[in-house]
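Novice: One line per chain: the protein sequences are A and B, in this order.
Read in order, the letters of the first sequence are residues 1 to 506 in our numbering.
Read in order, the letters of the second sequence are residues 1 to 325 in our numbering.
Do not rely on the hints blindly, as some may be mistaken.
[Said to hold, decoys possible] Subject to a maximum C-alpha distance of 25 Å in a straight line, what follows is the list of computed SDA-like cross-link-like pairs (lysine to any residue):
(1) B:Lys191 to A:Phe99
(2) B:Lys189 to A:Asn372
(3) B:Lys191 to A:Val373
(4) A:Lys125 to A:Phe99
(5) A:Lys329 to B:Leu226
(6) A:Lys54 to A:Lys125
(7) B:Lys189 to B:Pro170
(8) A:Lys335 to B:Leu226
(9) A:Lys335 to B:Ala156
(10) B:Lys214 to A:Lys132
(11) A:Lys329 to B:Asn122
(12) B:Lys214 to A:Glu384
(13) A:Lys258 to A:Lys277
(14) A:Lys277 to B:Lys191
(15) B:Lys189 to A:Asp366
(16) A:Lys377 to B:Leu226
(17) B:Lys191 to A:Glu347
(18) B:Lys191 to A:Phe100
(19) B:Lys191 to A:Val23
(20) B:Lys191 to A:Ser332
(21) A:Lys393 to A:Val23
(22) A:Lys132 to A:Phe100
[Stated by the list, open to error] Estimated spans, in silico, between C-beta atoms of each pair:
(23) A:Glu110 to B:Lys214: 41 to 47 Å
(24) A:Lys315 to B:Pro155: 44 to 50 Å
(25) B:Phe126 to A:Tyr320: 40 to 46 Å
(26) A:Gly298 to B:Leu245: 53 to 59 Å
[Claimed, not checked] Chain A side only, calculated, beta carbon under 10 Å to chain B, not exhaustive:
(27) Thr153
(28) Ile311
(29) Ser313
(30) Ile314
(31) Val334
(32) Glu344
(33) Ala363
Everything labelled a hint here was simulated from the structure, so no lab data went into it.
What you are looking at is a predicted structure, and each value in this text was computed from that prediction instead of being measured.
Quick reminder that beta carbons are idealized off the backbone N, C-alpha and C, glycines included.
Now for the letters of each chain:
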Amino acid sequence: MSSVDVKEEILCTKNLSKEFNGVWVLNGINFNLKKGEIHSIVGENGAGKSTFIKILSGVYPPSKGEISISGDKVFLNNVKESEKLGIRTVHQEINLIPFFNVQENIFIGEELEKKVMGISILDQKKSAEAAKKALNTLGVELNLSEYAHKLDTSMRRIVQVCKVLVGKCKVIIFDEPTTTLGSSERKRLLDVILNLKKQDIGIIFISHNIDEVLEISDRITVFRDGENMGTMVREDATVRMIISQMIGHKSYVDFYRKPVFDKDKTVFKVEGLTNTKLTDINLKVYKGEVLGIAGIVGSGKTELARAIFGIDSIKSGNFYINEKRYEPKPDSSVKQGIALVPEERHEQGLVLNMNIEKNISLAYLDQSCRSNVIDFKIEKNIAEKLIEYLKIKTTGSFQIVRYLSGGNQQKVVIGRWLSGDFSLGIFDEPTKGIDIKAKDDIYHQIDKLSHEGKGIIFISSFLPELMNISDRILVMRDGKIVSEFDPRKNTETEIMIAMLGGDNDK
Amino acid sequence: MINNKKFMSICWPEVLRKYGTVIGTIIMFTVFSLLVESFCTTKNLFMLLRQMSMLTIIACGFTFVMAAGGFDMSIGNVTGLVSMVFTIVLVGTSNFWLSFLVALTIGLFVGLINATLVAYINLPDFIGTFAVGSIAYGIKMLLTKGNPIFITKPPAIFTFIGRGYINIIPFPVIIMIAFVMITIFILHKTKLGRRIYAIGGNPVASVYAGINIKKNRMITFLLSGLSVSIAAVIMTSRLNSGQPLAGEEFLLDVIATVFLGTTMFGEGEANAAGSFVGAFMISMLNNALTMLNIPYYFQYITKGSVVITAVMLAVLMGQKLRVQF
């Protein structure tokens with residue numbers, strides 16, 4: 001690491017470490033940030049990025065190590081103290097009040113007041129000036145009296161940045177600010193961040209998107225397993241370098257499978273599916289086939305899964321499972337042999353306050369029941385077999401799923417379906433936010449399922465994994481299926497072009 | 001992992017959180033026994049149990065609704081409505097079983113309306129069931145013009161339901177025990193109970209696991225209506241008349257009861273054993289304060305304070321309140 005001029009160094013951590021229940025999730029992090037610099041942190045989920053920023057923003061106290069701001073050692077005991085010292089975070093979740101306008105949202109919690117006849121009232125004029133100044137700094141035109149619910153996601157994000165800017169701020173931490181944005185929105189936000197740089201503010205930028213990291217960073221630091229794997233200046237960095245640092249010796253996606261599908265037998269078929277989000281979807285899944293669904297955020301991938309399972313209502317469409325027609329409704333879909341591993345583990349997959357046993361038995365409760373009365377022995381047996389089979393790391397089948405790691409929680413959701421006998425398994429982003437080992441286990445599981453003759457729909461926004469696991473890839477855009485690819489013949493680039501709306505023939 | 005350490009050694013906040021209601025009940029019981037001479041006597045205790053039977057039965061129904069993450073504000077007024085209609089039919093026909101059937105039908109019908117509004121039309125529980133309760137109150141008053149109806153020739157079986165004994169045990173107490181046992185059985189041992197808890201824990205995840213949450217929530221409201229009907233019949237028998245204002249206090253008492261049984265009892269989910277202990281505590285307060293000749297309005301102040309104390313302690317002990325409105 002190059003030596004840093006102390007004068008322009010705005011934030012520095014030495015040997016910063018954090019322990020949770022005997023596990024060091026952050027280990028000896030040395031990190032520094034200069035004025036007017038964008039310093040990105042990249043790393044896989046669980047690498048320690050979020051723990052690091054939580055320490056900086058005062059959510060957790062560090063177990064060891066020190067933090068200094070402009071050369072002075074500081075203790076950040078809570079969020080307020082950290083904010084007082086000028087460390088502000090633009091969180092991943094956008095928390096604006098929909099029926100407040102832009103200006104009102106900017107000043108929530110930090111309202112500017114003036115005294116009129118001894119009574120404090122809101123100072124609208126001063127607020128408007130401060131808000132305008134913040135927007136100018138960001139180089140954004142925005143009507144201050146527009147309601148928040150009318151703004152698109154990137155604009156909401158920008159309002160969030162304004163909120164931070166009107167307070168005292170020396171360091172802004174951006175936690176995955178671009179995840180839910182489309183490409184033009186993304187560009188607008190990145191421009192805003194580049195504008196901020198000119199204000200002598202230090203910026204810590206966290207993102208999964210390596211391309212955008214390379215586009216805007218001055219320096220890039222890679223975290224792996226709670227350690228700093230090294231910092232590089234942008235000019236020296238390449239995607240390959242960063243990724244190899246992130247995942248260590250492991251290759252990008254270390255999984256390849258042989259196709260085993262039987263083109264004579266159709267497990268699932270849908271004709272002419274249309275609802276508010278989808279237009280005329282026709283698709284087939286063969287016995288033992290893994291059908292990949294690709295598409296950018298908002299292309300309708302998840303909505304497709306929801307419609308097949310029967311969560312969203314449909315306008316028209318015929319659904320067949322094992323060549324038998326069915327009405328998509330969650331309870332009857334399960335009985336007909338459809339399984340769905342949803343995108344959001346916490347919100348859609350698990351009852352977090354229930355234990356592993358109860359979460360696993362939830363979908364096929366009948367097999368643990370004798371005339372509607374649960375036989376706890378059978379239930380426990382099923383859970384224990386799956387815990388062993390899926391290598392779920394736990395203290396036992398009675399453990400509350402809230403306390404499991406992300407990968408193990410995902411395995412519980414998958415285990416729920418493996419406990420029964422389904423014909424079509426829909427996996428919606430099953431590897432999102434879980435560690436490499438768990439990902440690998442899930443790929444093998446899907447491979448096994450296809451060998452058992454089940455049909456699989458695998459939805460993912462991570463193209464490399466889709467290329468490796470799928471027998472066939474359908475690309476969705478704007479609620480329609482736009483093209484079909486063979487991952488053994490077509491390239492990632494071709495598929496990406498189809499996803500983004502380009503023309504492969506040109 | 002965090003839990004593991006706590007399992008190993010006795011952790012007092014944890015004990016208090018899980019058994020707080022029980023500990024509180026034992027302490028109060030001891031204090032009342034010392035303060036009031038005639039409190040801890042067989043006669044008074046059986047009377048206490050008989051008094052709490054209606055409260056407990058309604059609380060059992062309410063427990064189903066709350067375990068599924070719902071709320072039922074209609075119970076108080078519906079108890080009164082069922083009681084009045086039951087009395088009118090009984091006085092008119094002198095046929096207990098017909099009257100009983102009508103009572104059950106009204107309770108189930110109100111449950112059906114509640115469920116339709118809340119589970120199918122998606123009105124917030126509080127508003128939907130509150131409005132139904134208000135309508136029930138209006139109908140009750142319309143039917144009786146606010147006058148009580150006395151039952152001059154009560155059938156023997158009718159009298160037995162509220163005032164009869166089997167050996168020395170009051171009959172309502174037997175119905176209450178049966179209700180508590182059945183509720184515990186359904187909630188913890190059956191498919192229905194498991195699904196109710198799953199819906200209360202995470203309705204979205206329950207849909208994704210193929211559970212029909214509308215149907216199951218409907219069942220909880222039907223059970224609540226059923227329990228209200230039975231409690232109303234017992235109440236009518238105890239009063240030997242239809243009193244238009246009777247039953248209204250059940251709403252507050254049942255909420256207090258189920259809160260006490262949820263927040264400081266077990267894992268923090270609505271459960272019948274907790275509701276039973278909660279009902280015992282509330283009824284004991286009513287009983288002992290009456291015996292101490294403390295004006296009835298102090299009972300309300302005391303009950304409110306007990307609920308606040310329980311919820312506050314639970315929060316301090318790190319209980320995540322799962323009661324949502």
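Novice: Against this structure, judge whether each hint is valid.
Specialist: For each hint, the structure was consulted:
1. Taking the CA atoms of Lys191 (chain B) and Phe99 (chain A), the gap is near 42 Å; set against the 25 Å cutoff, the hint is violated.
2. About 9 Å separates the Cα atoms of Lys189 (chain B) and Asn372 (chain A), which keeps this hinted pair within 25 Å; it holds.
3. Between Lys191 (chain B) and Val373 (chain A) the alpha-carbon distance is near 6 Å, which keeps this suggested pair within the 25 Å criterion.
4. About 20 Å separates the Cα atoms of Lys125 (chain A) and Phe99 (chain A), which keeps this hinted pair within 25 Å; it holds.
5. For the given pair, Lys329 (chain A) sits about 29 Å from Leu226 (chain B) by alpha-carbon distance, which is inconsistent with the 25 Å threshold.
6. Pair hint Lys54 (chain A) plus Lys125 (chain A) does not hold up; C-alpha atoms about 35 Å apart against a cutoff of 25 Å.
7. Our distance criterion of 25 Å between C-alpha atoms is broken by Lys189 (chain B) and Pro170 (chain B), whose separation comes to about 28 Å.
8. Proposed proximity of Lys335 (chain A) and Leu226 (chain B) is contradicted: the alpha carbons are some 31 Å apart, above 25 Å.
9. The straight-line distance between the Cα atoms of Lys335 (chain A) and Ala156 (chain B) is roughly 50 Å, outside the 25 Å bound, and the hint therefore fails.
10. With a CA separation close to 49 Å, the supplied pair Lys214 (chain B) and Lys132 (chain A) exceeds the 25 Å bound.
11. A hinted pair counts as satisfied when its Cα atoms are at most 25 Å apart, and Lys329 (chain A) with Asn122 (chain B) qualifies at roughly 18 Å.
12. Distance hint between Lys214 (chain B) and Glu384 (chain A) is unfulfilled; the C-alpha atoms sit about 31 Å from each other, more than 25 Å.
13. In summary, the hint linking Lys258 (chain A) to Lys277 (chain A) is not supported, as the alpha carbons are separated by about 34 Å, beyond the 25 Å threshold.
14. For the hint pairing Lys277 (chain A) with Lys191 (chain B), the CA-to-CA distance comes to about 35 Å; that exceeds 25 Å, so the pair is violated.
15. A distance of roughly 13 Å separates the Cα atoms of Lys189 (chain B) and Asp366 (chain A); the hinted pair therefore holds under the 25 Å criterion.
16. Simply put, Lys377 (chain A) and Leu226 (chain B) have alpha-carbon atoms about 32 Å apart, too far for the 25 Å limit, and the pair is violated.
17. Distance restraint check for Lys191 (chain B) and Glu347 (chain A): the Cα-Cα separation of roughly 22 Å lies within the 25 Å cut-off, and the hinted pair is therefore satisfied.
18. This hinted pair does not check out: Lys191 (chain B) and Phe100 (chain A) have alpha carbons roughly 45 Å apart, beyond 25 Å.
19. In summary, the hint linking Lys191 (chain B) to Val23 (chain A) is not supported, as the alpha carbons are separated by about 39 Å, beyond the 25 Å threshold.
20. Restraint check: the Cα-Cα separation between Lys191 (chain B) and Ser332 (chain A) comes to about 16 Å, which is no more than 25 Å; the hinted pair holds.
21. Between Lys393 (chain A) and Val23 (chain A), the direct Cα distance comes to roughly 15 Å. Compliance with the 25 Å bound is thereby established for this hinted pair.
22. Proposed proximity of Lys132 (chain A) and Phe100 (chain A) is supported: the alpha carbons are some 17 Å apart, at most 25 Å.
23. Between Glu110 (chain A) and Lys214 (chain B) the Cβ separation comes to about 43 Å, which falls inside the hinted range of 41 to 47 Å.
24. Range check, Lys315 (chain A) to Pro155 (chain B): about 58 Å between beta-carbon atoms, so the 44 to 50 Å window is missed.
25. Between Phe126 (chain B) and Tyr320 (chain A) the C-beta distance comes to about 43 Å, which sits within the given range of 40 to 46 Å.
26. Our hint of 53 to 59 Å for Gly298 (chain A) and Leu245 (chain B) holds, since their Cβ atoms are close to 58 Å apart.
27. At a threshold of 10 Å, the smallest CB-CB gap from Thr153 (chain A) to chain B is about 22 Å, leaving the interface hint violated.
28. The criterion of a C-beta within 10 Å of any C-beta in chain B is met by Ile311 (chain A), whose closest approach is roughly 6 Å, and the hint holds.
29. The beta carbon of Ser313 (chain A) comes no nearer than 13 Å to any beta carbon in chain B, farther than 10 Å, and the hint placing it at the interface is violated.
30. The closest approach between the C-beta of Ile314 (chain A) and any C-beta of chain B is roughly 16 Å, which is over the 10 Å cut-off, so the hint fails.
31. Restraint check, Val334 (chain A) versus chain B: the minimum CB separation of about 3 Å is within 10 Å; hint holds.
32. The beta carbon of Glu344 (chain A) is positioned within 10 Å of a beta carbon in chain B (closest approach about 8 Å), and the interface hint is therefore held.
33. Given the 10 Å rule on beta carbons, the hint for Ala363 (chain A) holds: about 4 Å separates it from the nearest Cβ of chain B.
Hints 1, 5, 6, 7, 8, 9, 10, 12, 13, 14, 16, 18, 19, 24, 27, 29, 30 from the earlier list are contradicted by this structure; the remaining hints agree with it.
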